[in-house]
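Engineer: Residue-level listing of the chains:
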Amino acid sequence: MAVETKLPYEKSYIEEFSNKRNEPQWMKELRLQALEQANSLEMPKPDKTNISKWDFSSFKHDFAQGEKLSSLTDLPTEIKDLFDKDNLPENLLIQRNQSVAYSAISKELQDKGVIFTDIFTAMNEHEDLVKRYFMKDGVSVDEHRLTALHAALMNGGIFVYVPKNVQVEVPLQVVFWQEDPEAALFNHVLVVADENSSLTYVENYISHNPDEKTVANIVAEVIAQDNAKISFGAVDNLSAGTTSYVNRRGVAYRDATIDWALGQMNDGNTVFENITHLVGDNSLSNAKAVTVGRGKQTSNMTAKIVHFGKNSEGYILQHGVMKDSASNVFNGIGKIEHGASKSNAEQESRVLMLSEKARGDANPILLIDEDDVTAGHAASVGRVDPLQLYYLMSRGITQHEAERLVIHGFLAPVVNQLPIESVKKQLTQVIERKVN
Amino acid sequence: MAGSTLEIKDLHVEIEGKEILKGVNLTIKGGEFHAVMGPNGTGKSTLASAIMGHPKYEVTQGQILLDGEDVLEMEVDERARAGLFLAMQYPSEISGVTTSDFLRSSINARREEGDEIPLMKFIKEMDEALDYLEIDKNMAQRYLNEGFSGGEKKRNEILQLMLLKPEIAILDEIDSGLDIDALKVVSKGINKLRDENFGCLIITHYQRLLNYITPDHVHVMMQGRVVKSGGPELAQRLEAEGYDWIKEELGIEDETVEQNA
Ligand SMILES: Nc1ncnc2c1ncn2[C@@H]1O[C@H](COP(=O)(O)OP(=O)(O)OP(=O)(O)O)[C@@H](O)[C@H]1O
Ligand SMILES: [Mg+2]
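Taken in order, these protein sequences are the chains called A and B.
Under this note's numbering, think of the first position of the first sequence as 14, with each following residue one higher.
Under this note's numbering, think of the first position of the second sequence as 6, with each following residue one higher.
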C-alpha cells in the first residue's frame with residue numbers, strides 16, 4: 014500500500030482537537046502550521062531500510078480516555094511487573110491511552126520545584142517553559158513528514174523539568190499504556206534539566222494489539238543545560254500491530270551529560286532514531302541500545318552523536334538479536350563538526366542472528382570535519398557460534414538454556430548499564446519472553 | 006562395582022569427510038587414570054571431541070559406551086549429565102556470561118527443577134574451589150574465558166571439573182601453557198578427585214604432568230589409533246627417547262593421520 018499524500022485530517026479537526034485540550038494559542042498555531050507542512054514534506058528515509066510500504070496511515074486518531082487507577086494493585090500483571098512490588102516508585106505517572114490514570118510525585122521533589130506532569134497540563138501551568146523548549150532545541154517540526162505529523166496530531170506525553178542546582182536522586186518513571194488497540198499514539202516527551210541539575214528518567218511503552226493496526230509516533234526531547242546530567246532509560250514494548258516511529262533526541266550543553274539506555278522491544282515494524290547533539294564544550298553522551306527482533310518484524314535503528322563542542326565525547330553501543338525472519342539495520346553515526354577539537358567519537362554495533370532467515374546489518378559511519386580528534390568504530394554481524402553452544406552443553410546445560418545464556422550474554426553489555434534495577438529486571442524479562 | 010566404565014570400541018571418526026580416527030579401542034574404569042600421548046596431529050583431540058560429541062566430528066564406525074549405555078545416541082548435554090566431562094584444549098570464550106553464572110547453570114543442569122543449589126551453598130563451594138586452585142576470586146565475576154590468559158583458561162577448566170565432579174573426565178592438554186607453579190596447583194586439583202569412583206583420561210605431551218599425576222596406564226596414539234599401551238614407565242621412556250623407537254618397532258614412517266597404515 015502506498016502512502017497517501019494527502020492527510021485525512023482537516024484544519025478544522027486539528028483546531029477542534031486543540032480547543033478541547035484548552036491549549037494555548039501558540040500551540041494551536043504550531044499544530045496548524047505543522048499540518049500544512051506535513052502535506053508537503055517527504056517521509057524520512059532511514060539508511061538501508063525501505064519504509065515506503067510500511068503502514069503509517071492506518072490508525073484511529075483520538076483523545077482516547079483511559080480509566081483512572083485508584084491504586085496500583087488494579088493493574089494487569091505485565092504492567093505491575095514494571096515495578097518492584099516491595100518498593101513502588103515514589104515518582105510515577107501512568108498514562109492510560111491518552112489520559113493520566115495515576116500520578117505520584119514526592120513532596121520533596123515538589124518542594125524543590127521539580128515538574129513532573131502530562132504535557133497538556135504543563136502547557137497551561139508552565140506555559141513559558143514548555144513554549145521555550147517544545148520542538149525548539151531538539152527536534153524541529155519540519156524535519157520530515159512524521160515529525161510534522163507528530164506536532165499536528167500530538168495526543169499524549171509528559172513534561173519533566175528539574176530546576177537549577179536540584180539533584181533528583183530517586184528516578185522518575187512513566188508508563189505509557191496504550192490500552193485501546195486501535196488508538197494511535199502521538200506521544201511527546203520533554204525532559205529538561207536546568208543548569209547543574211541531575212535526574213534519572215525511565216519510560217515504558219506497552220500495548221496489546223497483535224492484530225489491530227495502529228501507529229505510534231513518538232518524539233522525546235531531552236535537554237541538558239550547562240553541567241546538568243540526565244540518565245534516560247526506556248523499554249519500548251509495543252505490539253506487532255503497531256507501526257512505530259520513535260525519535261529520541263538529546264541536546265547537551267557545556268559540561269553536560271546525557272546517558273541513554275534504550276530497549277527497543279517492539280514487535281511491530283519500527284524506525285528507531287536516537288540522536289544527541291553535543292553542543293557544549295566537554296559534553297558527554299553514552300548511547301546504549303538493545304533490540305530483539307522476532308516474527309516478520311523489520312526495524313531500523315539509528316544512533317547518532319553530533320559533536321559541536323570542544324572536547325566532547327560520544328560513545329555509541331548497540332547490540333541486537335534477530336530470530337525467526339526478523340531483520341534489523343543498525344546505523345551508527347559519529348559526526349564531528351569543524352571546531353570540535355579534542356573530541357572523541359566511538360561506536361560499536363553488533364547483531365547476532367539466531368535463525369537462517371533472520372537478517373542483520375551494521376552500518377558504521379564516521380563523518381569528521383576536524384583534525385585534532387579521535388574516533389573509532391567496531392561492527393559485527395554473525396550467527397550463534399556452534400562451538401560456544403558445544404562448550405556450554407558439554408557441562409550439561411541444555412541447548413535451549415545454552416542459547417539463552419549466549420543471548421543474554423550478548424545483550425549484557427548494554428542491559429547491565431540500565432540505570433534502575435527494576436527496569437533492568439524488566440528488560441531481562443521482556444528479552445526472555447521474546448527469545449523463548 | 007565402583008565408579009563408571011567408559012568403553013571405546015573400534016572408533017572411526019571423520020571430520021569434513023576426512024577419516025581421522027581409524028579404529029580406537031580403549032576402556033577407562035572408575036579409579037583408573039589413563040594417559041594418552043602421541044605426536045602432534047595423531048588424533049588425540051579428535052578422540053576427546055568425539056567422546057564429548059563435538060558438532061564437527063562424525064562417528065562413522067564403532068561404539069562408545071558409558072556403563073553399557075550408548076553415548077553416541079546422546080546429545081552433548083546428555084553425555085555431560087550422564088557423567089562425562091571434557092577439559093578442552095581450546096575452551097570457548099562466552100561474552101556476557103560470568104564464570105559464576107555459568108558454573109551455577111552447569112551445576113543446576115544436573116539437579117531437578119525446584120532443587121537448584123542454594124545460592125549460599127554454591128558460593129561457598131565455588132569459593133573453596135577457587136582458593137584450592139589459587140584462583141583470584143574476581144575471576145568468577147569475569148565473563149567466561151574472555152580475555153583469560155592461557156593458564157587461566159586451564160585453571161578454569163579444572164575449577165569446573167572440581168565443582169561438577171563427573172564420573173569420567175578427559176583432560177586435553179591441561180598442562181600446556183602452564184608455568185611450574187600453576188602445573189602443581191592444577192595437578193593438586195585433579196589429584197583431589199582421585200578415588201575409586203573417578204576415572205580420568207589425560208592427554209599430554211609431557212612427562213612433567215605425569216610426575217605429579219601418576220597414571221595407571223599409558224597409551225600412545227599414531228595414525229588415528231592406539232598403537233602401544235603400557236604402564237607409567239612407558240611415558241618415562243618416551244620422555245627420554247622420543248617416539249622413533251615405537252615407529253621403528255611398528256614399522257611406521259609417517260605417524261600422522263594422513264598415512265594409511
Ligand atoms: N576441521 C578440520 N579439517 C580437516 N582436518 C582436521 C580438522 N580438524 C582436525 N583435523 C586434522 O585431524 C588430525 C588430528 O587432529 P587432532 O587435533 O586430533 O590431533 P592431536 O593429536 O590432538 O594433535 P596435537 O597434539 O597437536 O593437539 C590433524 O591432522 C588435523 O589437521
Ligand atoms: Mg590436540
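Since the hints were derived computationally from the structure, they do not count as laboratory data.
Take the hints with a grain of salt, since some may be wrong.
When the alpha-carbon atoms are kept at most 27 Å apart in a straight line, the in silico DSS-like pairs for lysine-lysine are as follows [said to hold, decoys possible]:
{"no.": "1", "chain 1": "A", "residue 1": "437", "chain 2": "B", "residue 2": "27"}
{"no.": "2", "chain 1": "A", "residue 1": "93", "chain 2": "A", "residue 2": "120"}
{"no.": "3", "chain 1": "B", "residue 1": "170", "chain 2": "B", "residue 2": "197"}
{"no.": "4", "chain 1": "B", "residue 1": "142", "chain 2": "B", "residue 2": "197"}
{"no.": "5", "chain 1": "B", "residue 1": "61", "chain 2": "A", "residue 2": "370"}
{"no.": "6", "chain 1": "B", "residue 1": "126", "chain 2": "A", "residue 2": "438"}
{"no.": "7", "chain 1": "A", "residue 1": "98", "chain 2": "A", "residue 2": "81"}
{"no.": "8", "chain 1": "A", "residue 1": "120", "chain 2": "A", "residue 2": "242"}
{"no.": "9", "chain 1": "B", "residue 1": "197", "chain 2": "B", "residue 2": "34"}
{"no.": "10", "chain 1": "B", "residue 1": "61", "chain 2": "A", "residue 2": "438"}
{"no.": "11", "chain 1": "B", "residue 1": "34", "chain 2": "B", "residue 2": "23"}
{"no.": "12", "chain 1": "A", "residue 1": "447", "chain 2": "A", "residue 2": "309"}
{"no.": "13", "chain 1": "A", "residue 1": "438", "chain 2": "B", "residue 2": "129"}
{"no.": "14", "chain 1": "A", "residue 1": "177", "chain 2": "A", "residue 2": "120"}
{"no.": "15", "chain 1": "A", "residue 1": "120", "chain 2": "A", "residue 2": "24"}
Footprint (simulated), chain A over chain B, 3 or more residues, beta carbon under 8 Å [claimed, not checked]:
{"no.": "16", "region": "76 to 82"}
{"no.": "17", "region": "106 to 114"}
Only some residues are given here: those of chain B computed to face chain A with a beta carbon under 7 Å [as the list claims (entries may be wrong)]:
{"no.": "18", "residue": "57"}
{"no.": "19", "residue": "59"}
{"no.": "20", "residue": "60"}
{"no.": "21", "residue": "64"}
{"no.": "22", "residue": "85"}
{"no.": "23", "residue": "86"}
{"no.": "24", "residue": "99"}
{"no.": "25", "residue": "100"}
{"no.": "26", "residue": "101"}
{"no.": "27", "residue": "154"}
For clarity, every value in this text was computed on a predicted model and none was experimentally measured.
Even for Gly, the Cβ is constructed at its ideal location relative to N, Cα and C.
Engineer: Each of the hints needs a verdict: does it hold here or not?
Structural biologist: Here is how each hint holds up against the structure:
no., hint, verdict
1, A:437 <-> B:27, "violated (53 Å)"
2, A:93 <-> A:120, "holds (23 Å)"
3, B:170 <-> B:197, "holds (11 Å)"
4, B:142 <-> B:197, "holds (20 Å)"
5, B:61 <-> A:370, "holds (23 Å)"
6, B:126 <-> A:438, "holds (24 Å)"
7, A:98 <-> A:81, "holds (20 Å)"
8, A:120 <-> A:242, "holds (22 Å)"
9, B:197 <-> B:34, "holds (18 Å)"
10, B:61 <-> A:438, "violated (37 Å)"
11, B:34 <-> B:23, "violated (30 Å)"
12, A:447 <-> A:309, "holds (13 Å)"
13, A:438 <-> B:129, "holds (26 Å)"
14, A:177 <-> A:120, "holds (18 Å)"
15, A:120 <-> A:24, "violated (42 Å)"
16, 76 to 82, "holds (count 3)"
17, 106 to 114, "holds (count 5)"
18, 57, "holds (5 Å)"
19, 59, "holds (6 Å)"
20, 60, "holds (5 Å)"
21, 64, "violated (15 Å)"
22, 85, "holds (4 Å)"
23, 86, "holds (5 Å)"
24, 99, "holds (6 Å)"
25, 100, "holds (6 Å)"
26, 101, "holds (3 Å)"
27, 154, "violated (18 Å)"
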